[in-house]
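> With the hints as extra help, turn the sequences into a complete structure.
Chains as they are written, first to last, in the working numbering: chain U, 1 to 385; chain S, 386 to 465.
Since the hints were derived computationally from the structure, they do not count as laboratory data. Mixed in with the good hints, there may be bad ones.
What the hints assert, rightly or not - So the derived label-pair ranges between C-beta atoms look like this:
{"#": "1", "chain 1": "S", "residue 1": "R410", "chain 2": "U", "residue 2": "D343", "range": "22 to 32 Å"}
{"#": "2", "chain 1": "U", "residue 1": "T49", "chain 2": "S", "residue 2": "G449", "range": "33 to 43 Å"}
{"#": "3", "chain 1": "S", "residue 1": "A409", "chain 2": "U", "residue 2": "V342", "range": "39 to 49 Å"}
{"#": "4", "chain 1": "S", "residue 1": "D407", "chain 2": "U", "residue 2": "M177", "range": "26 to 36 Å"}
{"#": "5", "chain 1": "S", "residue 1": "R450", "chain 2": "U", "residue 2": "M177", "range": "35 to 45 Å"}
{"#": "6", "chain 1": "S", "residue 1": "R410", "chain 2": "U", "residue 2": "Y188", "range": "34 to 44 Å"}
{"#": "7", "chain 1": "U", "residue 1": "L189", "chain 2": "S", "residue 2": "S425", "range": "21 to 31 Å"}
{"#": "8", "chain 1": "U", "residue 1": "M177", "chain 2": "S", "residue 2": "S425", "range": "17 to 27 Å"}
{"#": "9", "chain 1": "U", "residue 1": "V342", "chain 2": "S", "residue 2": "G449", "range": "42 to 52 Å"}
Ideal Cβ placement from N, Cα and C applies to all residues, glycine included.
For reference, the chains in residue letters:
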Amino acid sequence: MPSLGADMEAGTLVEWLKWPGDQVRRGDIVAVVETEKGAIEVEIFEDGTVEELLVAEGQKVPVGTPLARIAGVGVDVGAGAAPPQAAALPVPAAAPAPAATPVKAAEVSTGKKRVRASPAARRLAAERGIDVGFIQGSGPGGATVRADVERASRQAREKPRAGIDLSQMRRAIAAAMARSKREIPHYYLSHSFDATAARAAIEKFNAGQPPEGRLLLGALLVKATALAVHDFPEFNGFFEPDGFRPSEAIHVGIAIAIRGGGLAAPAIHDTDRLSLPELMVRMRDLVGRVRRGGFRSSEIADPTVTVSSLGERGVEALLPVIYPPQVAIIGFGTPLERPWVVDSAVAPRPVLTVTLAGDHRVSDGHRGALLLRRIEELLNDPERL
Amino acid sequence: MTREELRAAIIEEIGNIAPEADTARTGDDADLREALDLDSMDIFNLVIALSKRLGVDIPDADAGRLVTLRGAVDYLARLT
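Dropping the structure here:
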């Protein structure tokens with residue numbers, strides 16, 4: 001049972017997706033686990049063949065319990081044999097990064113390819129934002145057909161957020177945030193700047209794009225943060241019992257609000273390597289899945305830094321709380337029309353306030369200020385994003 | 386497509402994006418973002434869904450027209 005957060009002690013195995021004899025590849029989703037954060041898909045981090053399932057469906061086991069034995073790798077899946085803190089980081093932080101993005105994409109599609117579904121069903125499921133793999137099929141050989149997707153879509157509406165238990169999620173947030181405020185000496189910095197260039201870049205890009213190809217400001221904010229922390233490694237990594245461990249990879253966690261209360265901040269892997277359109281597609285997918293309760297174990301376990309953006313309907317600035325074991329969180333307020341001095345005259349401008357909460361055990365305000373300045377520079381020169 | 390059909394289509398697509406949103410009690414002039422707690426990603430998804438469903442081109446600059454039910458019906462009625 002992998003630790004899907006520093007405060008997780010146990011999880012319930014809801015469903016096995018692989019069985020003894022099945023070949024598995026790194027990145028395949030092998031099981032669904034119910035935790036305080038909702039139903040999470042557990043990925044495997046090794047290649048091999050499933051030899052034996054050690055935990056039955058419906059069984060609740062402590063973090064660290066082996067879930068299955070995989071032949072050909074010599075390790076127990078999901079055991080996370082290490083203590084919870086370390087197990088919370090199945091990230092190959094030191095993994096060879098260059099090939100990471102294409103490989104990951106391939107693994108994800110491998111996982112999905114095994115689902116039997118008609119093209120029409122897949123299309124409709126994609127439009128409705130439903131994972132076709134979770135729909136019970138009634139077609140030939142159990143394949144999912146269009147009618148199954150229609151039914152699942154109706155059911156999803158009648159039974160909102162089947163995958164999310166909001167009271168459990170609230171407990172998970174409470175545990176993580178209380179620990180953060182107890183253990184992490186936060187310091188805060190705030191910086192306001194004119195966001196005209198970023199706005200203009202989006203308008204220019206979006207004109208002429210079909211709706212699904214367009215960008216939102218949020219994608220630029222996340223990309224600017226990912227590129228900025230690249231040069232400020234003390235803000236990207238994990239605080240562990242023996243001190244700070246910087247992460248080579250940059251997996252930006254995106255704080256996503258759930259209507260009616262609740263919050264999750266899963267990662268977009270290798271954020272710094274994604275183009276803006278790729279990042280936008282990933283963000284859209286992630287927001288949709290989080291709100292339906294369908295994110296994956298690696299996404300929830302391994303953000304290296306988090307971005308919290310208030311979007312268009314928020315307030316000027318936020319002072320965010322760091323998600324342990326991370327060491328920094330970047331907040332973006334709502335861009336507001338404000339009087340601004342441009343060429344010695346006052347003019348109305350969309351003013352964006354970016355904030356940083358940093359862990360004073362790891363970094364200091366001077367470097368934090370430089371980090372926020374770097375984010376501003378990147379957003380003022382969107383060609384670099 | 387009649388105005389009633391357009392209205393029903395919009396409500397159905399909002400339901401697909403935000404299944405927990407109570408569209409039945411949303412007034413035609415209410416700001417959907419405020420009334421149903423829709424964010425920019427939700428409006429983005431609504432523009433995509435309505436463009437596909439109705440086969441119309443909704444420029445990015447016009448997304449703001451979709452933030453009330455009446456505004457959206459007026460706008461889409463002219464396009465369809």
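> Taking the beta carbons of R410(S) and Y188(U), is their distance inside 34 to 44 Å?
40 Å, holds
> For V342(U) and G449(S), compare the CB-CB distance with the range 42 to 52 Å and indicate the outcome.
With a Cβ separation near 25 Å, V342(U) and G449(S) fall outside 42 to 52 Å, so the hint is violated.
> Can you let me know if the beta-carbon spacing of D407(S) and M177(U) is within 26 to 36 Å?
Because 29 Å falls inside the window, the suggested range holds.
> Can the suggested window of 35 to 45 Å be confirmed for the beta-carbon pair R450(S) and M177(U)?
Holds: the Cβ-Cβ distance is about 39 Å, inside 35 to 45 Å.
> For the range 39 to 49 Å, tell me whether the beta carbons of A409(S) and V342(U) fit it or not.
47 Å, holds
> Please check whether L189(U) and S425(S) have a Cβ separation lying inside 21 to 31 Å.
26 Å, holds
> Note whether the CB distance of M177(U) and S425(S) lies within 17 to 27 Å or breaks it.
25 Å, holds
> Quick check: does the Cβ-Cβ distance between R410(S) and D343(U) fall within 22 to 32 Å?
For D343(U) against R410(S), whose Cβ atoms are near 50 Å apart, the range 22 to 32 Å is violated.
> Could you check the hint for me, namely that T49(U) and G449(S) are 33 to 43 Å apart, CB to CB?
For T49(U) and G449(S) the Cβ distance comes to about 55 Å; the hint is violated.
Against the hints set out earlier in the document, violations occur for numbers 1, 2 and 9.
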